[in-house]
Amino acid sequence: MNEDELSKMNGSPPDEPEPDLLASLVPAKVADSLDGDEVAAEDQPAFSRRQFLTSLAVMGAAVGLGSQLVKTPAASAATTTTATQPAQATSRTRATLPQWTMIMDLRYCNGCNDCTTACQYTHVLPKDITWIKVYEMSNPDGQSYYLPRLCQMCEDPPCQAVCPVGATFRNDEGIVLIDQNVCIGCRTCMAACPYESRYFNTEPMPTVPKQPFPPSPEWPVPQQMNTVGKCVLCAADLSKGMLPSCAQACGMGVIYLGDLTSDVAVNSQGNAVKLSQFVKENDAVHLKEELGTNPRVWYIPGHGQDWKDSY
Amino acid sequence: MSRMTTYERLPQDDPERQKLREAAIRPMVQKPGRGYKLLVGVLGILVILALVAFYLQIVDGRSVDAYSNEAFWGLFIANFITIVGASYGGAVVSAVLRLVGATWRAPLVRIAEATAVATVIVGGAAIIPSVGVPGRMWEFIARPNFSSPLIWDALAIGTYAFASIVFFFLPVIPDLAVAKETMGDRAGKTRTTIWRWLSCRWNGSGRQEKLLGRMMTILAIMIIPLAVSVHSVLGWAFANTSFRPWWSEELWAPLFVIAALYSGIANVILSLAALRHAYHLEDYITERHFKSLGLLMLPFGAAYLYMEVADFLPGSYHGEPGTAAVFKQLFVGSYAPWFWLFIVMGIVVPILIVSMRRTRKIGWIVLAAGFVVPTFWLNRFLMVAVPATYDMINGSFGTYAWTWENIAITLGSVAAVPLILLLIFRVVPILSVTEMENMEMESLAQEAEALMHAGNGNGNGYVQREKALEGTYRPGATDEFEEEDDFARGEEEE
Ligand code: SF4
Ligand code: SF4
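Residue numbers (this note's numbering), protein chains in the order written: chain A, 323 to 633; chain B, 401 to 894.
Think of the hints as simulated: they come from the structure by calculation, not from any bench. Misleading hints may appear alongside valid ones.
Said to hold, decoys possible - Interface residues of chain A toward chain B, partial, derived using beta-carbon atoms under 8 Å:
#, residue
1, Y467
2, R471
3, V487
4, I506
5, G507
6, C508
7, T510
8, A514
9, Y521
10, P544
11, M547
Said to hold, decoys possible - Covered stretches of chain A, as calculated for chain B (at least 3 residues, CB under 8 Å):
#, segment
12, 450–458
13, 477–486
14, 522–528
The beta carbon of each residue, even a glycine, is placed where N, CA and C say it ideally should be.
Just chain A, same shape as in the assembly (with noise of 0.2 Å):
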């Protein structure tokens, strides 16, 4: 990633911290569990898990290194030397398999679009593809609060089931994908999907750098014409411990990479929370759950917002 934009993405701290965010904050810990491999379990069920450790991994280094909330450049340097640990998801049976998840923490959310614009960036797409996209919806008080949409990673996903050629799939991870060597490019599942999620490739993709990966469902970089692609979770980063693109670039930590299997969440300010825990306590809630779709996403509400406008 380009480090002036990196740098610029994380520059903003967030402005009030809520104390028990703070609080929860767990660069010690996360130390710990770097160390030895296992912690005891009971009351931090969260750190135990093996499949979490270099997400972690990657937030200790950030905390360490910077000693400050945001992410510097080093840190991403640091990001990339923890991808090189070999993968760990390869001898899983699927019941311990991570189960990927996001929360979105809205109160803290500016509008910024830096999620946007590292998404963008991170998969070379085109100015009006957003697979993580930053609504600026209004309360029916007359104010307006942000709430940024990517794919719901729904668990009973609408899209999969309409799409004629079965291109679209979600994979053991509980990630929806999109086989763009398969897929016609018909459009059913953008009529499908209740949340706007998927985008046609219009245009001809921008030309594209070299790639750590080949063009695969995980990494579908550079996209193909004419097919339909959305937002994939970077799917291809989690198994390396990092944090989705998205994730990664919120300064405001409003972005919550979590895991079902291991109930831990983290987010790029290095605060790890209990997933499980965190979403009852913030009465988190799903986009437009009486669709059925079941998504993985939850939304934090924090500004009065009364979901009346999930259409």
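Since the structure of chain A is already known, use the hints to place chain B with the ligands on it.
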């Protein structure tokens, strides 16, 4: 009894018959005039332009024809629904008239069925420019996902297209023999070869005729549920796949079926009028046919209007945010002029025209049909594009842009229909001579009686339920004859 072919049973030198046969082969022998050449030239250019535009959008991406992420479905889907819908009219009109034994159908079934074939071919092709990577469409067969409505769509349309082609083709077979006999030397080599291929060793024996008649009855019965299913599945391709407002309506399948019937009949009226004028078929295709078809449009138009109200009223009344936003766009928003244009010109005015005796004339009815066909295309476009441009997160509407490419493809697909029709009638008689002669034969009471009593029936086994022979192109049938006909049929069925 030694069998004669149908046309041998009739007096050979009857001038009426000669006239009919000449009329039926007129498109093949008529010297192409300047108008004809001009027409074919223009249509051909339009089709070629469409192909060029199609190529461009494959190379340059779908943005060249207005697809954006604000409007992921649009024009081509509307074209597809409209053209396939037009086919419905021809097939079902012909099938229903066959089944109820309406004898007046004889002169128009060929044109109706040919229209059905031409439109189903073009309609099926019209979906291709909408698909992002047409080269991968074989995956529909190679790796179908049967939970997708689109697979059922493809299956239904494929089956229906096949059935309607057979339905068109079967009654053509005996006519080829007639054409061959009438044309004589004028036929030319190519045409003779094609006929030999197409005629499937037809020799006009009674057995063959009986088989053919039975096949036609079975097909006529089959084609109705097939067509209903095609248009229902089309509606469900929206209603099932999507949570979008207005698309996710239970009413969409019947709405599609009725719309297809209504606009399909209008389409038949238009092609009847055009071909009648071009090939001077005024003696055979008469005002009566237009009146009957116009009256047939009436209930479907009324039903459609009723269902529109049933569709819109609940949504606008309790006003869920999405549905309300879409309906508002339609009623008073930026699409309102088009929507009301459709309601008035597509439904109200045509219904008025055909329901008033004073305007129930050929010209007026053709005018009404001329209103219906394009406004129903407009209606489909609104049905597709308005919900598609709606943003399900913040409730805003995207815009739909027009480009020359998508207009070219649309015009090209419209132009392809008459082009295929003209091509078909270069090979196939434009009137179903055999059928008309069969009907005529019935009206020649004497001869018919003799043949019936000999146990042949009229040889073609068509179900004859309707008594009234009124309106055949050759008046003169009597009630006594009708009774004979019934009697004969009774024998035949034993
Ligand atoms: S959010 Fe949309 S694209 Fe993502 S899984 Fe759900 S339906 Fe599919
Ligand atoms: S556009 Fe591609 S992924 Fe979407 S439904 Fe069609 S084939 Fe499937």
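Hints versus structure:
1. Because the smallest distance between the Cβ of A/Y467 and any Cβ of chain B comes to about 12 Å, over 8 Å, the interface hint for this residue is violated.
2. Taken as an interface hint, A/R471 checks out: its beta carbon lies about 6 Å from the nearest beta carbon of chain B, inside 8 Å.
3. Against a cut-off of 8 Å between C-beta atoms, the interface hint on A/V487 holds, since the closest Cβ of chain B lies about 4 Å away.
4. Interface restraint check: A/I506 against chain B, minimum CB-CB distance 4 Å, threshold 8 Å, status holds.
5. The beta carbon of A/G507 is positioned within 8 Å of a beta carbon in chain B (closest approach about 2 Å), and the interface hint is therefore held.
6. With 8 Å as the threshold, the beta carbon of A/C508 comes within range of chain B, its nearest partner Cβ sitting at about 5 Å, so the hint holds.
7. The beta carbon of A/T510 comes within 6 Å of a beta carbon in chain B, closer than 8 Å, and the hint placing it at the interface holds.
8. Hint status for A/A514: holds, given a least beta-carbon distance of 5 Å to chain B, under 8 Å.
9. Contact between A/Y521 and chain B, as hinted, is supported at the beta carbon level, the nearest pair being about 5 Å apart and thus within 8 Å.
10. Hint status for A/P544 relative to chain B: violated, with the closest Cβ pair at about 13 Å, above 8 Å.
11. Interface restraint check for A/M547: the shortest CB-CB distance to chain B comes to about 5 Å, inside 8 Å, so the restraint holds.
12. Check on the segment 450–458 of chain A: 4 of its residues sit with their Cβ under 8 Å from a Cβ of chain B, so the three-residue criterion for coverage holds.
13. Counting residues of the segment 477–486 of chain A whose CB lies closer than 8 Å to any CB of chain B gives 5, which reaches the minimum of 3, so the coverage claim holds.
14. Coverage of a stretch by a chain is defined here by at least three residues with a beta carbon nearer than 8 Å to that chain's beta carbons; for the segment 522–528 of chain A and chain B the count is 5, and the condition holds.
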